[in-house]
Amino acid sequence: MPKITFNLNNKDITITTAYNRRLLDVLREELGLTGTKEGCAIGECGACTVLLNDQAVNSCLLLIGQVEGQNVLTIEGLSTKGELHPVQKKFLKHGAVQCGFCTPGMILSAHALLHKNPSPKEEEVKEAITGNLCRCTGYKQIIDAVMDVTKG
Amino acid sequence: MIPELQFSRPKTIREALNLLATPGQNNRILAGGTDVITGIQMGSKRFSRIDLLIDINQIPELKTITENKAHIIIGGNVTFTELIENPIARQKLPLLVKAASTVGNLQIRNRATLTGNFVNNAPCADSVPPLLVYDALIKIESQNSGRELPLQDFLTGTYKTLIKPNELVTEIRIPKADTELRGDFYKLGRRKSVAISRISLAVLAQIEEDKIKEIRIASGAVTPIGERFPDLEKWANGQKISDELLKLLAKKMAEKITKANGLRWSSTYKIPVLQQTFYQLLKKVTD
Chain A
1 MPKITFNLNN KDITITTAYN RRLLDVLREE LGLTGTKEGC AIGECGACTV
51 LLNDQAVNSC LLLIGQVEGQ NVLTIEGLST KGELHPVQKK FLKHGAVQCG
101 FCTPGMILSA HALLHKNPSP KEEEVKEAIT GNLCRCTGYK QIIDAVMDVT
151 KG
Chain B
1 MIPELQFSRP KTIREALNLL ATPGQNNRIL AGGTDVITGI QMGSKRFSRI
51 DLLIDINQIP ELKTITENKA HIIIGGNVTF TELIENPIAR QKLPLLVKAA
101 STVGNLQIRN RATLTGNFVN NAPCADSVPP LLVYDALIKI ESQNSGRELP
151 LQDFLTGTYK TLIKPNELVT EIRIPKADTE LRGDFYKLGR RKSVAISRIS
201 LAVLAQIEED KIKEIRIASG AVTPIGERFP DLEKWANGQK ISDELLKLLA
251 KKMAEKITKA NGLRWSSTYK IPVLQQTFYQ LLKKVTD
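Protein chains in written order, with the working numbering: chain A, 1 to 152; chain B, 1 to 287.
Check the hints yourself; a few may be wrong.
[To be verified] Only some residues are given here: those of chain B computed to face chain A with a beta carbon under 10 Å: (1) 1; (2) 6; (3) 8; (4) 13; (5) 26; (6) 30; (7) 34; (8) 41; (9) 55; (10) 58; (11) 107; (12) 193; (13) 273; (14) 276.
No lab work stands behind these hints, which were simulated from the structure alone. Note that CB positions come from ideal geometry on N, CA and C, so glycine has one too.
From just these sequences and the hints, can you work out the full model?
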């Protein structure tokens with residue numbers, strides 16, 4: 001089986017796995033990083049969102065071979081030294097989590113937006129999370145949380 | 001579940017073409033993966049029994065957007081996000097940028113490519129109507145040959161094109177217009193985002209004083225594939241712009257599509273909406 005090396009959550013790792021594995025499968029089943037969720041598996045729900053070279057992508061649509069040499073960030077890589085990331089803190093503050101299934105993807109999409117555009121307008125926040133479905137329909141709290149991050 | 005397959009990541013077009021020419025097996029190009037991976041995942045017949053997936057994402061030559069005197073040249077692996085953020089595209093291909101902005105959602109646009117959109121050739125491919133009104137040409141290469149042809153000729157039927165198993169689309173070439181063209185793109189989906197087009201329309205026109213000097217019309221989703229309307233264009237060219245003319249043109253368009261598709265369960269909704277939205281689009285472009 002091929003060896004694949006990539007940067008995961010700011011650490012270089014090498015795994016041995018088959019080419020028919022999706023990044024999502026490897027994260028959840030081989031690396032135990034179950035923060036990344038599988039929802040629709042066809043790129044519509046965004047539950048499996050990770051950042052690939054700082055861009056939000058669906059990990060259900062990436063084969064593991066495609067991340068060779070790339071940088072991948074999952075929800076587990078967001079906090080530093082046990083302290084939550086500012087986006088995570090604001091999600092807690094605003095009660096932007098109900099069942100929690102969409103939350104990792106939502107937070108990573110928000111993080112990707114803020115990385116590119118530190119002071120987005122509300123419309124831009126909405127646009128950035130169009131690929132993340134929340135079936136508890138807590139969008140208002142989520143948008144409020146992201147907007148609050150921009151206020152520091 | 002994705003069946004076992006081989007995977008390769010060439011670094012040059014040449015290397016990709018050599019891999020595509022590997023005999024005796026089913027070789028497929030992997031670009032954004034938003035159709036290919038989902039197709040394999042769902043067991044779609046169009047993506048069954050693939051032996052080798054050739055990931056073209058490490059080929060820098062396919063990622064550029066450039067222009068020369070005559071053309072704007074878009075590399076064969078430019079994503080929708082790359083297109084939307086590109087200054088040349090934003091300035092010179094506004095209809096295409098507008099259509100690209102309506103594709104899927106951000107995660108999809110970050111991966112899905114313009115070329116993949118028309119090589120897959122779903123009826124609802126959002127980039128097709130704008131590319132057709134821009135008279136886009138495509139460059140196709142294989143290990144031993146190359147050809148250039150109009151996109152319109154390349155698209156032959158729903159999910160069907162003229163591409164051969166050993167070929168790769170390496171460029172989209174859009175001729176620069178020597179006069180000012182005005183146009184717009186319209187998409188109707190069931191919701192604002194992550195929506196499959198129900199109706200898509202693109203219009204590009206050269207207006208001279210109060211006349212339509214030249215008009216180009218294309219549709220998607222309401223026709224089996226994205227297509228142009230040469231008869232309607234010919235009929236409208238040279239005509240004086242009036243509200244009556246635009247209404248008549250919209251009526252002719254609706255009749256043409258009804259004739260092409262036959263009556264369907266959705267026709268009672270779609271045809272009047274199509275006629276009205278096309279009229280509004282014409283009004284905007286000729287205003």
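A quick look at each hint next to the structure:
1. Taken as an interface hint, residue 1(B) checks out: its beta carbon lies about 8 Å from the nearest beta carbon of chain A, inside 10 Å.
2. With its C-beta approaching chain A no nearer than about 7 Å, residue 6(B) sits inside the 10 Å limit, and its interface hint holds.
3. At a threshold of 10 Å, the smallest CB-CB gap from residue 8(B) to chain A is about 8 Å, leaving the interface hint in force.
4. Hint status for residue 13(B): violated, given a least beta-carbon distance of 18 Å to chain A, over 10 Å.
5. Contact between residue 26(B) and chain A, as hinted, is not supported at the beta carbon level, the nearest pair being about 14 Å apart and thus beyond 10 Å.
6. Annotation: residue 30(B) was flagged as interfacial toward chain A, and the flag holds, the nearest CB pair being 7 Å apart, inside 10 Å.
7. With 10 Å as the threshold, the beta carbon of residue 34(B) comes within range of chain A, its nearest partner Cβ sitting at about 6 Å, so the hint holds.
8. Hint on residue 41(B) holds. Least Cβ distance to chain A is approximately 6 Å, under the 10 Å limit.
9. A hinted interface residue such as residue 55(B) counts as satisfied when its beta carbon comes closer than 10 Å to some beta carbon of chain A; here the least separation is about 6 Å, so the hint holds.
10. Taking 10 Å as the C-beta cut-off, the interface hint given for residue 58(B) holds, the closest approach to chain A being about 8 Å.
11. For residue 107(B), the suggested interface contact is upheld, since its CB lies about 4 Å from the closest CB of chain A, less than 10 Å.
12. Against a cut-off of 10 Å between C-beta atoms, the interface hint on residue 193(B) holds, since the closest Cβ of chain A lies about 4 Å away.
13. Look at residue 273(B): its Cβ only gets to about 23 Å from chain A, farther than 10 Å, so that hint breaks.
14. Because the smallest distance between the Cβ of residue 276(B) and any Cβ of chain A comes to about 26 Å, over 10 Å, the interface hint for this residue is violated.
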